[in-house]
Amino acid sequence: MSEPKFVPKTIYVTYIASTPEKVWAALTSSEFTTRYFFGRSVEIEGKVGGRFAMRMLDGRFDIKGRVVEWDPPRRLQVTWAVDFEEFRDLPESLVTYEIEPLGGSVKVTMTESHQWDVPDAILAGGRQGWPLILSSLKSVLETGVPITIDVPVGPPKQMIDAIRQAIAAKPWRDAGSGR
Amino acid sequence: MRSRRFQFVTYIATTPQKLWQALTEGAFTRQYWFGQTIESDWSLGSRVVFRSGSEVHDYGEVLECEPCRRLSYSWHVEFHEVFRREKPSRVTFELEPTGNEVKLTVTHDQFEPGSKVRDAVSNGWPLILASLKSLLETGRPSLLTSADKLCGARERAIALAESAA
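Chains as they are written, first to last, in the working numbering: chain A, 1 to 179; chain B, 1 to 165.
Don't read these hints as lab results, they were simulated from the structure. There could be a bad hint or two in this list.
Under the rule of at most 27 Å between Cα atoms (straight-line distance), these lysine-lysine pairs were calculated in the DSSO-like manner [claimed, not checked]:
| hint | chain 1 | residue 1 | chain 2 | residue 2 |
| --- | --- | --- | --- | --- |
| 1 | A | K170 | A | K9 |
| 2 | A | K157 | B | K103 |
| 3 | A | K22 | B | K103 |
Please take these sequences and the hints and turn them into a complete structure.
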């Protein structure tokens, strides 16, 4: 069976007055992620094939994956499986961070890629979350103060409905065998 | 069929009033918007002009203006002939207070099919809005202004236009 082909579906670019090393530390150490990533602490083994997970405030993990690329302080790619209730049966996605120095600033590009034709209703979760996470990352690095808005509790209902439909139909099976 | 819209969301630790001022006053835009000064009286149908020094870079017309909440104007890129040939597109800013911050949603749409303006603004908005966020949160957009020079957003836009010509 061939390797699944991942297609970028959501890209978010920001520029941060910081250094690549500090951005890398902010992405890979829990003392930072707890401040800007909805309170989650990252656990990551710094090597290709290493374990990756995000732990919620209550101690449970909701994201699990493994390190695909580990190139500090420029490029980090992890597989991303949501280990949480309805999401559990969905195929994993890929999240890539690219860090490029530009003068006194750093360009950070986050790309979320999928191996199946994900409906917009499911992508909506990430498209709601990433701008908040990455705006907060920028604020933490530039001002020391994260974005503090009330975090929406759980994913939007339409997203859950779309996930239930997808899990019932499993469209990625056809897509996988067809490629 | 028109080209698909470009949308970008950011959260800025400021007030809707300060963000509105930063979007509508030239003294602010000059600091974070590639050095350009915006000019308009913001009445419906009034002209909106972006100037770099004395040169008119872009212009448009006010389509919607609800202070501190919503602003929309048409957008005609003037500074290069490839962009100048395209019909005006439209940009809309929505400001929503979220407690200590403001959620800013920028939607740029109504592009022509195969629009080169869309490619150019898709590169430009993340940089402009990152610089705006830094200016309002730290008072310092300058690092990003130098980043703009180094990554040559304007030069890239011109190269893009010429590759299409």
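Query raised in the report: Looking at the structure, which of the earlier hints fail to hold?
Result: Failing hints: none at all.
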